[in-house]
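In UniProt numbering, the protein residues as written are 1 to 384.
A couple of the hints might just be wrong.
[Stated by the list, open to error] In silico DSS-like links for lysine-lysine, alpha-carbon gap of 30 angstroms or less: (1) K334 x K206; (2) K344 x K299; (3) K334 x K345; (4) K287 x K206; (5) K344 x K375; (6) K344 x K334; (7) K345 x K313; (8) K19 x K4; (9) K334 x K287; (10) K299 x K287; (11) K313 x K287; (12) K375 x K299.
[Said to hold, decoys possible] Distance windows between CB atoms, simulated: (13) G290 x E379: 41 to 47 angstroms; (14) G310 x I270: 41 to 47 angstroms; (15) G170 x E15: 35 to 41 angstroms; (16) K344 x G170: 48 to 54 angstroms.
Simulated from the structure, these hints should not be mistaken for laboratory data.
We put the CB at the ideal spot given by N, CA and C, even for glycine.
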Amino acid sequence: MFPKKGASEEEVLAELEEKTSEDLTFDSGRILGSMCTHPHPFAAEVVRRYIDRNLGDPGLHVGSQRVEREAIAMLSSLLGLERGYGNIVSGGTEANILAVRAFRNLTDVENPELILPRSAHFSFLKASEMLKVRLVWADLREDHSVDVRDVEEKITSNTIGIVGIAGTTGLGVVDDIPALSDLALDYGLPLHVDAAFGGFVIPFAKALGYDIPDFDFRLRGVKSITIDPHKMGMVPIPAGGIIFREKRFLEAISVPAPYLAGGKVWQATITGTRPGAQALAVWAMIKHLGFEGYAEIVKRAMELSRWFAGELKRIPGVHLIREPVLNIVSFGAKNLEEVEEELKKRGWGVSAHRGYIRIVMMPHVRREHLEAFLKDLREIARNV
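My request is simple: use the sequences and hints to build the entire structure.
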């Protein structure tokens with residue numbers, strides 16, 4: 001019921017504390033299955049300071065719009081593109097929908113189809129429903145990457161684009177994007193890479209010497225990339241990103257918003273009013289940490305994932321789904337649902353809904369958290 005009289009700030013905050021007391025927090029180290037993390041304190045301060053900025057009406061916030069463009073330019077550079085076109089958006093879901101929308105709008109195919117791996121994110125299901133684009137699912141190989149030959153076999157005159165994943169949500173697998181790029185070029189199709197997670201991991205991991213396939217705009221067939229700064233970029237939620245190689249893709253999804261302060265404004269995002277503070281935080285974090293700072297964070301996460309995978313192999317009744325590619329380790333176990341239930345009873349934020357349990361080495365996860373988790377897992381695996 002809408003209250004008749006207002007309460008004091010202290011009373012409201014006290015009630016909020018009580019109502020959210022069941023929430024797990026990133027600081028506790030108990031959240032191990034999430035691709036989000038506690039935001040960097042500096043990024044949180046930027047959002048707090050500029051929380052009133054609305055990039056949906058850039059005529060009011062000209063400086064913020066300029067900063068967003070600089071953020072897109074820096075992300076484009078990170079992804080191997082001299083000049084990119086895009087926006088800081090609400091997350092990977094919106095970014096993926098925008099890519100599919102651009103592909104659809106640039107074709108005159110009557111019954112459009114999109115080919116994507118069975119490991120693709122559920123956001124493409126939303127894109128399919130909203131945009132009336134049929135999804136054609138490509139099989140996976142034994143290593144859980146997409147079968148490029150199966151992708152080729154499913155190309156028809158109705159195909160409007162191909163999707164590859166650079167860091168699957170379940171296993172952190174990177175598809176053979178170079179082969180998909182060649183395929184896309186051969187058939188004259190655009191390739192979208194969903195690097196929502198991998199975008200802020202792979203460039204730094206490759207620089208550290210990890211053997212990971214190329215995935216970005218250095219491959220000519222890649223026309224768009226999703227990258228989420230609110231994951232390993234440590235920017236407060238919501239902060240996703242969509243980058244297009246060419247301006248025509250952005251123009252294909254732009255609509256006029258004539259009543260705004262900026263005059264003749266065109267919007268290429270799903271949301272109209274959208275937070276400028278998050279875009280400023282993306283810019284600020286890249287400026288603050290730089291390539292070397294992010295590389296240090298990724299180095300720690302990658303090393304932690306390798307150590308953790310080795311420890312899992314020593315637990316009877318537990319098995320790796322595959323060796324980690326990025327900073328994600330997934331494992332199975334006998335009576336997996338019971339194992340999940342017991343882990344949750346002990347306060348661990350994990351899920352076994354995919355048929356395995358995924359542990360993501362986000363910046364808030366430390367070795368002592370994992371050692372405590374392993375201790376509980378050993379006991380549970382032995383008893384279950």
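| Could one say that the CB atoms of G170 and E15 fall in the range 35 to 41 angstroms? | holds (37 angstroms)
| message | K313 and K287 were given as a pair; does the straight-line alpha-carbon distance stay at or below 30 angstroms? | response | Not OK: K313 and K287 at ~40 angstroms, beyond 30 angstroms, violated.
| Hint consistency between K344 and K334 [alpha-carbon to alpha-carbon, up to 30 angstroms] | holds (16 angstroms)
| Taking 30 angstroms as the top limit, are the C-alpha atoms of K299 and K287 close enough? | holds (19 angstroms)
| Outcome of range test on Cβ distance (G310, I270; 41 to 47 angstroms) | With Cβ atoms ~43 angstroms apart, the hint holds.
| query | Going straight from one Cα to the other, do K375 and K299 come out at no more than 30 angstroms? | reply | holds (25 angstroms)
| Regarding the pair K345 and K313, is the alpha-carbon distance no greater than 30 angstroms? | Status holds; Cα separation ~23 angstroms.
| field | G290 versus E379 beta-carbon gap, inside 41 to 47 angstroms or not | value | holds (43 angstroms)
| query | Is the Cα-Cα distance between K334 and K345 30 angstroms or less? | reply | Cα-Cα ~18 angstroms, so holds.
| query | For the pair supplied as a hint, K344 and K375, is the alpha-carbon distance within the 30 angstroms limit? | reply | Answer holds: K344 to K375 is near 14 angstroms, not above 30 angstroms.
| request: Verify the proposed pairing of K334 with K287, using a straight-line Cα cut of 30 angstroms. | output: Between K334 and K287 the Cα gap is close to 46 angstroms, so the pair fails against 30 angstroms, i.e. violated.
| request: Would you check the hint for K344 and K299, treating anything up to 30 angstroms between C-alpha atoms as holding? | output: Since the Cα atoms of K344 and K299 sit roughly 29 angstroms apart, the hinted pair holds (cutoff 30 angstroms).
In summary, the structure is inconsistent with hints 1, 9, 11, 16 from the numbered list given earlier, while agreeing with the others.
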